[in-house]
Amino acid sequence: MIDAASHSRPVLEGLINAAGDTLSARAFVDEELYQLELERVFAKCWLFLVPAGEIPNPGDFFSTYMGEDPVLVVRQRDGSIAAFLNQCRHRGASLCRSDNGNAKVFQCSYHGWTYDTAGRLTAIPGEAQNFAQPLDRDEWSAVRVPRIAVENGLVFGCFDEHAPSFRESLGDAAPYFDAMFARSAGGLDSIPGAFRWRVKGNWKLAAEQAASDGYHFFISHASSIIAITPDGAPAPPKASTPNVQFSSEFGHGIGLLTDMSRLPVNDEVRTGPHTSRWLVDVERPEAAKRVGALMTTQNRPIYGLIFPTFGYLPSNHTIRVFLPKGPDEFEVIAWSVVPHEAPPEVREEVRVSTGRSFGALGIFEQDDAANWNDIRHALRGYAARRTRFNMQMGNGPVRVDETYPGSVQTSESEFGSRRFYRRWLNLLAADEA
Amino acid sequence: MTVNADVSPELQLAVERWLYDEAELLDDKRFDDWLERLADDVAYLVPIRSNRPVRGDRSEPPTVQSAHIEDDKHGLRVRVKRLNTGLAWAEDPPTKTRHLISNVRVDPGDGPRELRVKSNFYIYIARPNVEHASFAGERRDVLRTVVGPRRFELVRRTVVLDQTTLATNTLSLFF
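Chains as they are written, first to last, in our numbering: chain A, 1 to 433; chain B, 1 to 175.
Please note that a few of the clues may not be correct.
[Stated by the list, open to error] DEER-style ranges, computed between Cβ atoms: (1) Gly-171(A) x Arg-98(B): 46 to 54 Å; (2) Pro-94(B) x Pro-273(A): 33 to 41 Å; (3) Ala-383(A) x Arg-98(B): 31 to 39 Å; (4) Arg-388(A) x Asp-40(B): 50 to 58 Å; (5) Pro-273(A) x Arg-140(B): 44 to 52 Å; (6) Gly-14(A) x Tyr-122(B): 45 to 53 Å; (7) Asp-40(B) x Ala-235(A): 25 to 33 Å.
[Claimed, not checked] Below, simulated DSSO-like cross-link-like pairs (lysine-lysine); rule was C-alpha separation at most 30 Å, straight line: (8) Lys-96(B) x Lys-118(B); (9) Lys-238(A) x Lys-81(B); (10) Lys-73(B) x Lys-238(A); (11) Lys-96(B) x Lys-29(B).
Treat the hints as calculated values from the structure; they're not laboratory data.
Quantities reported herein were computed from a predicted structural model and do not represent experimental measurements.
Beta carbons: idealized from backbone N, C-alpha and C, even for Gly.
Based on the sequences and whatever the hints tell you, model everything.
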């Protein structure tokens with residue numbers, strides 16, 4: 001049980017120092033904090049569920065989690081999308097054990113209570129004979145996720161009926177969100193086949209990295225950068241290229257590459273020659289017409305997090321969601337994504353190269369997981385848990401550069417990390433409504 | 001399944017020995033030597049599997065999907081090149097792996113020089129700090145007979161993993 005007194009605001013405040021640039025290691029291991037996260041982060045925020053294209057037909061479902069709550073996301077006959085707890089209201093067994101598929105109804109395998117594709121209770125074995133009166137369907141249907149938003153083909157859900165709308169929750173990240181996800185009429189198609197894997201580490205490490213961390217790339221991924229650079233080609237740079245880091249007070253963070261020609265590993269090597277040409281000749285000019293030149297032809301989004309757990313690596317063509325599994329483990333569900341308008345040869349290059357680099361067994365992905373594993377290992381120790389972590393890089397004044405929406409830092413920085421953890425702590429410390 | 005009359009005990013033994021020698025190369029981290037055993041047109045595939053309903057599922061599985069690994073020889077060379085940089089931190093110190101190969105089933109292949117070989121595997125992986133993991137599955141191989149002491153080269157390997165959600169991904173290994 002959570003001891004309310006130990007989570008009074010001052011105790012939580014101590015997790016981050018007054019300057020907002022050091023963080024207690026407790027944030028990554030504490031079971032009570034984790035339970036508070038489930039309540040105050042995961043049951044309060046908009047969470048990514050699934051690309052809408054994964055469930056195109058009525059009855060198509062996808063099984064995922066909001067925090068640790070199992071949910072079924074189901075396409076309805078009218079084309080809308082519903083989500084509800086994957087939990088029978090009778091004794092709480094699963095309504096469905098599959099990852100995905102198509103169903104007309106969901107029947108609990110314990111006593112046979114049956115629910116329709118919107119989670120509404122439709123049949124109870126023996127109801128007429130053995131119950132004094134029919135059960136109230138409104139009271140005993142599966143618990144609906146009350147808020148669903150489908151934005152540019154991405155499905156988000158929120159357990160908090162009183163939360164602001166998804167668009168409002170983006171705050172000043174909205175122009176960045178659109179520059180990443182609304183840059184073509186058809187949006188992004190997910191390539192069928194979700195990667196699913198577990199990482200022994202705390203979910204915030206992956207989320208924070210997606211929000212803020214261009215810094216690790218040249219060290220963590222040194223071997224992978226060298227490996228995919230063709231023999232005889234010029235050596236890739238060993239340090240950061242010029243960039244801009246946007247961060248929202250809501251915890252969202254997006255990194256932009258400001259010199260389009262200096263992607264550390266160019267698109268031809270990273271993805272393929274067709275993709276490299278198509279991005280320059282077609283994708284960016286068309287995107288510029290829709291969302292402007294700033295984040296299409298002038299700057300390039302290279303990483304992004306929509307708080308708390310939806311990550312995007314645009315130049316690597318992958319979206320992913322981090323599902324917490326306790327304070328020291330999380331699951332990743334990732335998809336390769338490609339603009340709907342991409343020709344077949346671009347789709348094929350993306351499919352193969354993204355799996356090779358950032359799939360579950362992708363060479364870059366392995367590098368990250370090993371680091372997160374090690375952090376967890378050290379934090380088993382008493383002294384290690386009492387340490388504070390440094391996120392002071394670029395901790396000068398927050399700049400407002402008129403060129404870019406919202407607040408940005410124009411050098412390598414942990415601006416996004418600082419705002420990510422500040423937002424996290426604000427949610428944990430929020431008073432009960 | 002009966003022993004195929006076209007597959008002699010000698011051939012069965014030769015294929016088994018080839019698979020065991022391959023496992024030794026992988027466990028000894030002799031990846032460049034391992035690459036030598038692969039045909040230039042090798043296709044190495046580790047599909048994503050998912051848990052789907054037994055009944056009542058009317059959806060069609062997609063024809064083109066993401067894969068955990070879908071590499072030609074170039075792709076496999078990239079993976080080996082990464083390990084050879086000395087900068088693949090997850091492999092410093094190297095993980096210890098042990099490939100156990102069993103249930104070897106040899107059948108004639110599509111061409112006169114080809115064999116279809118199925119085998120089961122269990123791979124134990126130990127990382128520093130007593131972290132360990134294991135994977136089980138089936139390999140569906142096509143081997144091509146070649147002149148010389150090596151006798152066969154690997155033309156195609158499809159690895160059917162028995163895990164859907166991978167329990168770990170710090171895996172710089174080949175199945």
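Going down the list of hints, with the structure as the test:
1. Gly-171(A) x Arg-98(B): 46 to 54 Å: Once the Cβ atoms are compared, 52 Å apart, the range 46 to 54 Å for Arg-98(B) and Gly-171(A) holds.
2. Pro-94(B) x Pro-273(A): 33 to 41 Å: Holds - the Cβ-Cβ distance for Pro-94(B) and Pro-273(A), about 35 Å, lies within 33 to 41 Å.
3. Ala-383(A) x Arg-98(B): 31 to 39 Å: 35 Å, holds
4. Arg-388(A) x Asp-40(B): 50 to 58 Å: 54 Å, holds
5. Pro-273(A) x Arg-140(B): 44 to 52 Å: Check failed, 32 Å falls outside 44 to 52 Å.
6. Gly-14(A) x Tyr-122(B): 45 to 53 Å: 48 Å, holds
7. Asp-40(B) x Ala-235(A): 25 to 33 Å: 28 Å Cβ-Cβ, so the 25 to 33 Å window holds.
8. Lys-96(B) x Lys-118(B): 25 Å, holds
9. Lys-238(A) x Lys-81(B): 18 Å, holds
10. Lys-73(B) x Lys-238(A): 27 Å, holds
11. Lys-96(B) x Lys-29(B): The hint holds at about 9 Å.
Checked against the numbered hints given earlier, the structure breaks only hint 5 and satisfies all the rest.
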